[in-house]
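Using the sequences and the hints, build the whole thing.
Chains as they are written, first to last, in the numbering used here: chain A, 1 to 493; chain B, 1001 to 1370.
It should be emphasised that the hints constitute simulated quantities derived from the structure, not laboratory data.
Misleading hints may appear alongside valid ones.
Derived CB-CB ranges, DEER-like [as the list claims (entries may be wrong)]:
{"id": "1", "chain 1": "A", "residue 1": "P236", "chain 2": "B", "residue 2": "E1210", "range": "51 to 57 Å"}
{"id": "2", "chain 1": "B", "residue 1": "N1354", "chain 2": "A", "residue 2": "I493", "range": "27 to 33 Å"}
{"id": "3", "chain 1": "B", "residue 1": "P1171", "chain 2": "A", "residue 2": "A133", "range": "23 to 29 Å"}
Restricting the straight-line Cα-Cα distance to at most 20 Å, the calculated cross-link-like pairs of lysine to aspartate or glutamate (DMTMM-like) are [claimed, not checked]:
{"id": "4", "chain 1": "B", "residue 1": "K1008", "chain 2": "A", "residue 2": "D82"}
{"id": "5", "chain 1": "A", "residue 1": "K65", "chain 2": "B", "residue 2": "E1070"}
{"id": "6", "chain 1": "B", "residue 1": "K1008", "chain 2": "A", "residue 2": "E158"}
{"id": "7", "chain 1": "B", "residue 1": "K1008", "chain 2": "A", "residue 2": "E59"}
{"id": "8", "chain 1": "A", "residue 1": "K404", "chain 2": "B", "residue 2": "E1070"}
{"id": "9", "chain 1": "B", "residue 1": "K1008", "chain 2": "A", "residue 2": "D36"}
{"id": "10", "chain 1": "B", "residue 1": "K1008", "chain 2": "A", "residue 2": "D283"}
{"id": "11", "chain 1": "B", "residue 1": "K1008", "chain 2": "A", "residue 2": "D140"}
{"id": "12", "chain 1": "A", "residue 1": "K309", "chain 2": "B", "residue 2": "E1070"}
{"id": "13", "chain 1": "B", "residue 1": "K1015", "chain 2": "A", "residue 2": "D34"}
{"id": "14", "chain 1": "B", "residue 1": "K1335", "chain 2": "A", "residue 2": "D36"}
Beta carbons: idealized from backbone N, C-alpha and C, even for Gly.
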Amino acid sequence: MTLPSHLWEIKEHIYETAIEFGLDPFETIFEVVDYDQMNEIAAFGGFPTRYPHWRFGMEYEQLSKSYEYGLSKIYEMVINNDPSYAYLLEGNNLVDQKTVIAHVYAHVDFFKNNYYFSKTNRKMIDEMANHGARVRRYVDRYGIELVEDFIDTCLSLENLIDYHGPPESKRQDLEDQTNSGEIPRLRAKDYMDDYINPQEYLERQKQKLAEEELKSKQFPSEPLKDVMHFLLEHAPLESWEADILSIVREEAYYFAPQGQTKIMNEGWASYWHDKILTTRVLDLSEIIDFADINAGVLATAPGRLNPYKLGLELFRDVEDRWNKGKFGKEYDDCDNLEEKLSWDRELGQGKEQIFRVRKLYNDVSFIDEFLTEEFVAEHQMYSFGYNRKSGHWEIDSRQFQDVKDKLLDQLTNFGNPFIYVKDGNFKNRAELLLHHKHMGVDLDMQYGRGVLRALHRVWKRPVNIETLSDDKGVLLSYDGKEFTETSIEYHPI
Amino acid sequence: MGDQSKIKQDHRRFKQIVRGKIKRNLREYMTKGELTGKQGKDLVKIPIPRIDIPRFRYGQKQTGGVGQGEGEVGESLGQGEEAPGQGKAGEGEGEKGIEVDVTLDELAEIMGEELELPRIEPKGTEKLQTQRDKYSGIRSVGPESLRHFKRTFKEAIKRQVASGEYDPDNPLIVPTRDDKRYRSWKETSLPQSNAVIIYMMDVSGSMGDEQKEIVRIESFWIDTWLRSQYKGLDSRFIIHDATAKEVDRDTFFHTRESGGTMISSAYKLALSIIEDEYPVEDWNVYPFHFSDGDNWSVDDTGECMRLLREGLLPRSNMFCYGQVESPYGSGQFIKDLNENFDEEDHVIVSEIKNREGIFDSIKTFLGKGL
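Below is the structure:
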């Protein structure tokens, strides 16, 4: 259902306000949906349609249940597309709708302008429908069991992409490294040849070439992070399987920036819905309702970081610091606490700075650069961990560096372990060897086994992963029948 | 807007997968008896682990996270064993299991498949009938929403071919008013049959809590199965030691008495309930008796056999006796039944050693499809 006229006017008003404040969103189409439609769209990750797969049904079941039991309700949903589509829940009160509309415009501005979204497909609605059609065709041909089973397999590998790498490299020049074996010589007349192409130089070149050849036999020549891409190129897949794997990979890349910028994106949207509503849109009579909604959005609970709140507060902090000039060498070097607290150079660069930040940063760089000691103290942030002795989750530290490190650990690689393809011809037997770059936290081996099973389904030869477990090198292998663990010497890459 | 049928398809697939899980774990569900406590009117909540897609991820051991709020270093976050928010910033996906609602009918079907239970052929009670409407007819008038496209198209082709209008080079089929066909309903009569289960249980001291729990779980599954086979199902409960009395379901499973055991007292009471309230022409009767196998005297056992032969068996589809092993009982009664009714297909006995025995016991009882 399209917008009823009273919401249309509100939407227009909020849009104009957003533009005035400097936001630059794609055109956004709002639709009003009932909760069942909302649950459906949410189950599909925001899209009207996806390829057939049971997990969307599971999401839908959970969302519907959760709504029925009154545990949760989805307020807003918006997808990164040009034009963007956003959904409003029918029957929500007007203040809710206003909040959502303003929130959505800020998200869409973020989609359009943040660097990490710049490579995403802006016609993803069409693409998703296209994926759906392709998968349905395979279902017609091969049956739902087989196709869905293969999708399960691909989804197990979904996080094995290069989050920070370019998604568009479809056919990397992995084969281009083959050489003719000729050593390049400079052209010279016969009698000059020994001078122009001295013997030892030729020898050196020969050796170098041999080394390179050895290296190119070893493939990939460098550890590759985009495991899915490697499989697409080198695994013995039927064409329909390759197509499905490429679909899952493409969608993973499409969704990746949302994971990489969760704190920023939600912070940005919260910052702007608050600003737009409180300064321009709300009637006085609506303030209390709005405060109530906002309190819900920004609530924190022990052991859970609320990205809306953290993002919002950090943006405000950045704005404030750049307005007052609380940055740079002079400020950092100042030892006088009192002076620091009352520091105000009246720079007025706050707004400019937060727009710059929204353009260029992701959660990792955002936190790395703008989380300050003062901020951590002011917002009572702490790091926590599991105490096995007491069986409780406990506060570990309130030290700035500890908190920041922990936060960055969690955000780096979007909370996923770093996994690389190390060798596609392991043991010279076409086995696959993955490498887990250990950064202090062990893999969950139970899940790891599940992934190896999926990898084997794709690679069709034994698959292995090397990692550290309790500080000891381990090679976990699966040959299609059973798992083996051997201890190895672990060399980090 | 999203095509409604698409999520419904995925939802159906999910339910199918869940069904498969339940089927594979049925024996365990039956043993643990956790389903029996989660029963609503028509639905059972079945906890299943979230069907996970495995991914490389960090183990729990060294993880943790960042939070916000009051509290000293070393202070517990007060969430016990559960990992707070999985520590992932912003990603609220906990790894909780989910509960799925399964209708009792569906559960019975799963159980029927897994235990290979034959469907029951209700005995001659065609008297009670209900009317059902079924869309099975075709008419030439009706609302557009019920238009049968294939039939309409067929009629149009027929007409166009017959009248020479059909041009194979330009095969355009245009249905006219007269070609249109609509689905319509027919009233069909469905025979309805009713059944009554009479549960009897020895509540003398030797039937302990565990024994009763076994009976309780077993009766849940028996109920579920028979309910799926009959439109109407009554359950009646009799407890006995030296005397018998009728009680409600709750009392049945929780009473504990002591004193002697006269099984015949229960059989007599069951018989009088059947005679008074459940005429055999209209009712399928299922007496189930559970005990640890101790009876007061040989005389009373003789009386039991007589009551069975002359009273209960002629009026019942089958008679089921479940002997729950207890540390105290002598287990004699099952032997007596076997001696007396060895040739009788309608007397079914089963020994239930422990919870693991429930699955097979039910298969024994219901496997004949009587």
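We went through each hint and held it up to the structure:
A hinted range of 51 to 57 Å for the beta carbons of P236/A and E1210/B is consistent with their spacing of about 56 Å. Distance hint for N1354/B and I493/A: a CB-CB separation of about 54 Å, inconsistent with the stated range 27 to 33 Å. One distance hint, 23 to 29 Å for the beta-carbon pair P1171/B and A133/A, holds here, with the actual separation near 27 Å. Between K1008/B and D82/A, the direct Cα distance comes to roughly 28 Å. Violation of the 20 Å bound is thereby established for this hinted pair.
Taking the CA atoms of K65/A and E1070/B, the gap is near 33 Å; set against the 20 Å cutoff, the hint is violated. Our distance criterion of 20 Å between C-alpha atoms is broken by K1008/B and E158/A, whose separation comes to about 25 Å. A hinted pair counts as satisfied when its Cα atoms are at most 20 Å apart, and K1008/B with E59/A qualifies at roughly 12 Å. Restraint check for K404/A and E1070/B: satisfied, since their Cα atoms lie roughly 18 Å apart, inside the 20 Å limit.
Restraint check for K1008/B and D36/A: satisfied, since their Cα atoms lie roughly 11 Å apart, inside the 20 Å limit. The straight-line distance between the Cα atoms of K1008/B and D283/A is roughly 42 Å, outside the 20 Å bound, and the hint therefore fails. Between the alpha carbons of K1008/B and D140/A the distance comes to roughly 18 Å, so the proposed pair stays at or under 20 Å and holds. In summary, the hint linking K309/A to E1070/B is supported, as the alpha carbons are separated by about 16 Å, within the 20 Å threshold.
Only pairs whose Cα atoms come within 20 Å are accepted, and K1015/B paired with D34/A is rejected, the gap being roughly 23 Å. Pair hint K1335/B plus D36/A does not hold up; C-alpha atoms about 60 Å apart against a cutoff of 20 Å.
Checked against the numbered hints listed earlier, the structure breaks hints 2, 4, 5, 6, 10, 13 and 14; every other hint is satisfied.
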